[in-house]
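Below, each chain spelled out in residue letters.
2 protein chains.
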Amino acid sequence: MTDDLPNPALLPAGLADLLPPDAEREADLVEAMMVVFAGHGYERLKPPLLEFEDSLLAGSGAAVAEQTFRLMDPVSQRMMGLRADTTPQVARIAATRLSGQARPLRLCYAGQVLRVRGTQLAPSRQLPQAGVELIGGAAPAADAEVAVVAIEALAVVGVTAVSLDVTLPTMVPALMEAAGAGPALRSGLAHALDRKDSAAVAALVQRQPGPLAVLPELMASTGPADGALAALDAADLPPAARAIAQNAASVLLAIQARAPGLRITLDPVEFRGFRYHTGVAFTIYGPGMSGELARGGRYLSQNDEPATGMTLYPDAVMRAAPGSAPRPRLFLPIGADGAPFRARGFATVAALATEDTPQRLRCTHELKGGEAVPILPKD
Amino acid sequence: MTDDLPNPALLPAGLADLLPPDAEREADLVEAMMVVFAGHGYERLKPPLLEFEDSLLAGSGAAVAEQTFRLMDPVSQRMMGLRADTTPQVARIAATRLSGQARPLRLCYAGQVLRVRGTQLAPSRQLPQAGVELIGGAAPAADAEVAVVAIEALAVVGVTAVSLDVTLPTMVPALMEAAGAGPALRSGLAHALDRKDSAAVAALVQRQPGPLAVLPELMASTGPADGALAALDAADLPPAARAIAQNAASVLLAIQARAPGLRITLDPVEFRGFRYHTGVAFTIYGPGMSGELARGGRYLSQNDEPATGMTLYPDAVMRAAPGSAPRPRLFLPIGADGAPFRARGFATVAALATEDTPQRLRCTHELKGGEAVPILPKD
Chain A
1 MTDDLPNPAL LPAGLADLLP PDAEREADLV EAMMVVFAGH GYERLKPPLL EFEDSLLAGS
61 GAAVAEQTFR LMDPVSQRMM GLRADTTPQV ARIAATRLSG QARPLRLCYA GQVLRVRGTQ
121 LAPSRQLPQA GVELIGGAAP AADAEVAVVA IEALAVVGVT AVSLDVTLPT MVPALMEAAG
181 AGPALRSGLA HALDRKDSAA VAALVQRQPG PLAVLPELMA STGPADGALA ALDAADLPPA
241 ARAIAQNAAS VLLAIQARAP GLRITLDPVE FRGFRYHTGV AFTIYGPGMS GELARGGRYL
301 SQNDEPATGM TLYPDAVMRA APGSAPRPRL FLPIGADGAP FRARGFATVA ALATEDTPQR
361 LRCTHELKGG EAVPILPKD
Chain B
1 MTDDLPNPAL LPAGLADLLP PDAEREADLV EAMMVVFAGH GYERLKPPLL EFEDSLLAGS
61 GAAVAEQTFR LMDPVSQRMM GLRADTTPQV ARIAATRLSG QARPLRLCYA GQVLRVRGTQ
121 LAPSRQLPQA GVELIGGAAP AADAEVAVVA IEALAVVGVT AVSLDVTLPT MVPALMEAAG
181 AGPALRSGLA HALDRKDSAA VAALVQRQPG PLAVLPELMA STGPADGALA ALDAADLPPA
241 ARAIAQNAAS VLLAIQARAP GLRITLDPVE FRGFRYHTGV AFTIYGPGMS GELARGGRYL
301 SQNDEPATGM TLYPDAVMRA APGSAPRPRL FLPIGADGAP FRARGFATVA ALATEDTPQR
361 LRCTHELKGG EAVPILPKD
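These protein sequence lines are chains A and B, in that order.
Residue numbers for the first sequence, in the working numbering: 1 to 379.
Residue numbers for the second sequence, in the working numbering: 1 to 379.
Looking at chain A on its own, in the form it has when it is part of the complex (with noise of 0.2 Å):
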């Protein structure tokens, strides 16, 4: 029911109203995720939906600055921000009221966020989130944790047939570094990766080959992980790129070892739209058309401690769960006892005047003989 009517002059652009019977259906799905995250050690946490910018925008908060409403505190005075991504929030406790307990800390939030412009593909400027961050472990078993985590509970959410793109943000940028790439070519570089024009991209390399001559092969290795992963093995790599091939090789085998048959794919030269990623990058999709589900990687929170988390999409995440069955509605009389039916699941429906009938309550049930008993459409 969210796209009947909507009169553009009541909401602003890109706030909407969730209605029955999809709020309860979002909030039933965050909620099942969020068991999925308690079950393996996240704790949850709620920060503020407001609190000053500076704190606010400090770290990976700087990549949503400009998304970021702000409005000014009557009470102190100073600039606010309504959060556009809650990650440097979850930085921020674990940098200040949880310093003190030991790593890895494992924590997880649901919450609503708010951007200033919806982009043409995401028109959202309210958005669901619901995360997880493991903060204080460097290993490769913490980034296919969260990844693993983030599958299950999409599947316990009735996602299957999901996903997983891995990018190595950091890539490309230390091939570049290790060639001594300078300015024009490095944006030239990116400029052709990011569309994937091979031959634009191996015309720039020739301009400066070393380091940087593996990129075609690595360009044409992207696709399912394994291939990909014995493509940079086989790759003359300079060493901090091959420190991020084996840790991505790394990941990626804990990844399949706790996930045996999801689909992984591997593009090693994707750098783009991951601004604050130190190391492997993930994005889900979910089957078909549904776009993106979920994503995350590794960075660093405050203080720079190594950190790695995934971020679900509650909004993308409903659209690509199954439909579940509607509550039935049983017609309750005026002063029958409607308590034993909601125990097994009804929404009991009171009659509170003569005219209340179980059609215009949208009954689907009435009682007759003391039983719920279906109510068959007239002829």
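Keep in mind the hints are simulated off the structure, nothing from the lab.
Using N, Cα and C, we set each Cβ at its ideal position, and we do this for glycine too.
A couple of the hints might just be wrong.
[As the list claims (entries may be wrong)] Here are the computed distance ranges between Cβ atoms for each label pair:
{"id": "1", "chain 1": "B", "residue 1": "Pro74", "chain 2": "A", "residue 2": "Ser324", "range": "32 to 42 Å"}
{"id": "2", "chain 1": "A", "residue 1": "His191", "chain 2": "B", "residue 2": "Val373", "range": "53 to 63 Å"}
{"id": "3", "chain 1": "A", "residue 1": "Ala336", "chain 2": "B", "residue 2": "Ala155", "range": "15 to 25 Å"}
{"id": "4", "chain 1": "A", "residue 1": "Pro74", "chain 2": "B", "residue 2": "Leu376", "range": "47 to 57 Å"}
{"id": "5", "chain 1": "B", "residue 1": "Met289", "chain 2": "A", "residue 2": "Thr278", "range": "43 to 53 Å"}
{"id": "6", "chain 1": "A", "residue 1": "Glu177", "chain 2": "B", "residue 2": "Leu376", "range": "50 to 60 Å"}
{"id": "7", "chain 1": "A", "residue 1": "Ala257", "chain 2": "B", "residue 2": "Ala58", "range": "49 to 59 Å"}
[To be verified] Chain B residues, not near chain A, derived (Cβ > 10 Å throughout):
{"id": "8", "residue": "Ala122"}
{"id": "9", "residue": "Leu185"}
{"id": "10", "residue": "Ala231"}
{"id": "11", "residue": "Arg319"}
{"id": "12", "residue": "Ala372"}
Chain A is fixed; fit chain B onto it per the hints.
Chain B in isolation, oriented as in the chain A frame:
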């Protein structure tokens, strides 16, 4: 853990982080209460946190206009407000997107509201709310239903022994109107009633008796519902006040029939702090000193539709609710499978590196011979 080491510079006054285990507990309480609402046929909505201020501050929203954060929408160049209450949003949806649905509508919601300033008694500027609205039904049974549903939601999360305080905010205005009281007498009486100063009320009433003459006896009748109802029944009331009293009696009888043991008090002359109520108003107090857990009552929704509702305050409910046992944490050595233990309610906390010990990961259990065994504290 919400009280240790607050750094006043870190977060704006009245905005706080909810830490483990409180954040999970609050979310669990809210969802458990939402299940009760759904069981009574209340369908969940999720309005956006931000909307145009003219719709947000319409109707009952006017009561929180001064408490609403305002910000400019760069897309539309119109002013938006961050919601300070959810009821006006539900009213908007009922009057627009759900205008074609038969009445009464039963709707529910859970989410955050934000306020520009806290008060001395309630310093928080971000408050969780969970509530029900019954729109398009004028029957006393509707008022009784929202009160009883709220009481049941509290009971489900372990908050029993509550008291329901009922007020009739239209009673004193109806008596003043019938008496033709002028502005000076009205404000004098309001002030005296607000201070519960029976001598001052008696003195003021003597200046213009008639319909106001009942005020001292109504004031004295405040207390357990049965006694107060009897006093109302015996009082000499003008017709409008008599209708209010009869409606109150119907509502209270319906509540008593559905919640026989409930402690109910009635204050027929309290009328401040219920600025938009047009009939019976409710406050639910927790046991002991735990304060207000919920408020609600009858009001006019958009297009003057009769409506009634209750808003529960999950932060207060959490303070009043019994603590729950923390989730046991099972240490998982590298490579061990935690799934069977998660299915039994454990959080399984995986070692990711050799320095990850059960103690560091704050585990309560470890694996011995394939079983989860409590870790005994060392001497």
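(request) Quick one: work out the minimum CB distance from leucine 185 of chain B to chain A and report holds if it exceeds 10 Å, violated otherwise. (result) holds (37 Å)
(message) If I claimed the Cβ atoms of histidine 191 of chain A and valine 373 of chain B lie 53 to 63 Å apart, would that claim hold in this structure?
(response) Given a distance of about 59 Å, which is inside 53 to 63 Å, the answer is holds.
(request) With 50 to 60 Å as the target window, see if glutamate 177 of chain A and leucine 376 of chain B comply at their CB atoms. (result) Cβ of glutamate 177 of chain A to Cβ of leucine 376 of chain B: about 52 Å, so the range 50 to 60 Å holds.
(request) Determine whether the Cβ-Cβ distance between proline 74 of chain A and leucine 376 of chain B falls within the hinted range of 47 to 57 Å. (result) holds (53 Å)
(request) Take the C-beta atom of alanine 257 of chain A and the C-beta atom of alanine 58 of chain B, compute their distance, and say whether it sits inside 49 to 59 Å. (result) holds (57 Å)
(request) Indicate whether the distance between the beta carbons of methionine 289 of chain B and threonine 278 of chain A respects the range 43 to 53 Å. (result) Once the Cβ atoms are compared, 50 Å apart, the range 43 to 53 Å for threonine 278 of chain A and methionine 289 of chain B holds.
(request) Could you see if the CB distance from alanine 336 of chain A to alanine 155 of chain B stays within 15 to 25 Å? (result) holds (20 Å)
(message) Assuming the hint says 32 to 42 Å, is it satisfied by the Cβ distance from proline 74 of chain B to serine 324 of chain A or not?
(response) Check passed, 38 Å falls within 32 to 42 Å.
(request) Measuring Cβ to Cβ, find out whether alanine 231 of chain B lies farther than 10 Å from everything in chain A. (result) The claim holds: alanine 231 of chain B sits with its nearest Cβ about 28 Å from chain A, beyond 10 Å.
(request) Test the statement that alanine 372 of chain B is away from the interface with chain A: the closest C-beta pair must be farther apart than 10 Å. (result) holds (13 Å)
(message) Just want to verify: arginine 319 of chain B was marked as not at the interface with chain A; is every Cβ pair farther apart than 10 Å?
(response) holds (15 Å)
(message) Please check whether the beta-carbon of alanine 122 of chain B is more than 10 Å away from every beta-carbon in chain A.
(response) holds (14 Å)
The structure shown violates none of the earlier numbered hints.
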